[in-house]
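Please arrange chain B on chain A, whose structure you already have, making use of the hints.
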Amino acid sequence: MSADPSIPPAALSGEVRLPEKLAEVEPVRSVRTPIRLEYDFIPGSASSGYLNAFADRKILGQRSPVDGAVFVPPRGVDPRHGAATPDYVELPDTGHVGGFCVTRLPIPGRDDLEIPYVSAWIHLDGADIGFLGLVGGIDTSEVRMGMRVRAVWKPDDQLGRTAENILHWEPTGEPDIPVTAAGTNAWHAKQAAESGEQD
Amino acid sequence: MRDIAVVSVAQSQEKALTHTTEVELMVPIINEARGAVGLTQDDIGFTCSGSSDFLAGQAFSFVHTLDAVGAVPPISESHVEMDGAWALYESWVKLQIGGIDTALVYSYGKSSPGSLRDVLSTQLDPYYLGPLWPDAFAMAALQARIMLDSGTVSEQRLAEIAVRSLNGAADNPLAVRSSADANVDSVLAEAPIADPLRPSDCAASADGGVAVVLAAGDRARELCERPAWIKGIDHRIDPHQPGVRDLTRAPSAHKAAVEAGAGNDRLDAAELAAPFTTQEHILEAELGLGSDTAVNASGGALAGHTMMAAGLMRIADAARQIHEGRANRVLGHAASGLFLQQNLVCVMEGE
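Chains A and B are the protein sequences, given in the same order.
The first sequence runs 1 to 199 under the working numbering.
The second sequence runs 1001 to 1351 under the working numbering.
The following block holds chain A by itself, in its conformation from the complex:
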C-alpha cells in the first residue's frame, strides 16, 4: 500500500473509459471522504483499579477463581474460562525477562525512545503471565531470557494513573532464572506439575 495518499491505488491507475461527451473532462480517479469520530474510552472496573494503583507505585493483578492463576494487567476475567476475577493481588515491581526483542526502527510519535530499544515480556514475581515493558540500564546485546529485573519508576511528583509511570525495567544483578523455567516455560511447568499432582 502506498504511504502517500495523493498517489491513487494501483486499481485506479489504469485507463478510465468515459462516454464521448465527457471525453474532455478530467476523470475522477479517487474520492477522499475523511471520517472522524470521537469516543470517550471507559477503562472499566478492572482497568480502573489497575490504573488507580499505579499512582501509588503499586501494580495490581487479579486472581483466577478457577485455579488461582494471577493475571497482570487485570481485565476482570480469566479469559481461559470466562470466569469473573473480582479479587485483586498486589504484585512486587520485580520479576524477570520472559522474552524480548531488539528493535532498530523508530516508533512514530516516540522521538524520546533511543534506538535500538528492547521491548520485553516482563514476568512479575507472583504473576502467571507476562506484560510488555521496555528494558533499560543495560547494553542491548546483554539482555537475555531469565534476566532478573526491577521497575524504574518516574519521580513521585510525576506519578499519574498510568502505566507510563514505569520508565523501564533494569537488571537487578541477581542470578538469572534458567531459560527452561522463564516466561511461559514457568507457566507450562506449573501447569504440568499441577496436572501431575491431580494424577
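By construction, these hints were calculated from the structure, which means they are not laboratory data.
This one's a predicted model, so the numbers in the text were calculated from it and none came from an experiment.
Quick reminder that beta carbons are idealized off the backbone N, C-alpha and C, glycines included.
A few of these clues could be false.
[Claimed, not checked] Simulated restraints on C-beta separations:
no., chain 1, residue 1, chain 2, residue 2, range
1, B, Val1093, A, Val102, 47 to 53 Å
2, B, Asp1292, A, Pro19, 55 to 61 Å
3, A, Arg110, B, Asp1003, 55 to 61 Å
4, A, Cys101, B, Arg1221, 52 to 58 Å
5, A, Thr33, B, Ile1193, 26 to 32 Å
6, B, Asp1053, A, Arg161, 22 to 28 Å
7, A, Cys101, B, Asp1053, 27 to 33 Å
8, A, Pro19, B, Pro1199, 45 to 51 Å
9, A, Trp187, B, Ser1078, 38 to 44 Å
10, A, Glu174, B, Pro1126, 54 to 60 Å
11, A, Glu114, B, Asp1195, 58 to 64 Å
12, B, Asp1292, A, Val28, 51 to 57 Å
13, A, Pro65, B, Val1093, 32 to 38 Å
14, B, Pro1196, A, Pro19, 40 to 46 Å
Chain B only, in chain A's frame:
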C-alpha cells in the same frame, strides 16, 4: 430439517455503562445463559456473536470480548458485524448442518462512549451519502415526513405506538424509558427533536448485552422444560440506496415474514426491533400482525435500543414468553441498516 429451540436467555441493559467494559458486561450474562441450563463452555458446540467495532471505537473489539466466553481449550467460533439475531441465524444453520447439538449466541452494544447518531452515518455509502454526514434522527424524520404527507400514517397513530411502548415498558426492568402515565396527548405535546419526530418516536439509546443458548432435538428437551422451537427463520434485504426505495414500505420484512411462516397460524405475541415509531408502524403492516397479537408488550426496542443487540433481545424476550408458558406462538424480529433495510423474522412455538 432438525428441530432447534431457544432453551435459555439472559440479558442486561442500562442507559449507559459508565464503569464496565464489554467483557465485564458479558461475563455474567453469558454465565447466566449457560448456567441456567447447566452447561459450561465445554458443552457448547458452536459459539457466535454479533457486535460492531464502530461502537467501541476499537478494531477487533469482539476478539477481546471472547475473554468472557472462555476459549481454552480452543472453541469453534464465529462473529458477524450485525445484530446478534444474525449470529443466531448462523448458529441455526450450523446446527442444521449437524455434528453439534448446542450453540451459544451473544451480542452486545455499548454506544455511550461515542455519538451513535453520527456513528450510524458510517453505514451509508462512502461516495454520495456518507460524506454529507446526515444525522440518524434527520434521516428517520425524512422518512416520517414522507409517511405523514402520503397519508400512510398519522401523528395520532405514531403517538399511540409511543404510548404502547412507554406503558408496556413500565413493567420491564430492562427498559431504560417507560411511563405508566403517558398518553397520546402527553406524547403529542412533546416538542419535535427532528420534525416531525418527537422524543418518544425515537428509541431510547441503551448499552447492554444478551446471550441465548440454542439446542437441537432431544438435547433441547433435556435442557428446558418448555423449549421455544424455531419453526421458521428468514432474513431478507432491500437495496442500500434509499433513493430507489419506497420509504413507506419494508418489502424485505414482508418477505422474511412470509418465508418464516409468520402468517400460518395465530401469533400470541410479537417483539419488534424498530428504532422509531414510524418503522414499528411499517413493520406491523409488513409482518401482517393483527389485533389478536400482543405487539411489544415489553416496550420493544423503543423502550431501550442497544445497537447490535436489540434484535437478539427481541428474540430472547419472545422466547422467554414460551419458556414461562405465557404464550405458545411468538415472533421475534430484528432489523439492521437505514430505514429497516435488512429484516430477520424468527417464529417460535411451544411443544
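Of all the hints numbered above, which does this structure not satisfy? Sort the numbers upward. Of the numbered hints given earlier, the structure breaks just one, which is hint 9.
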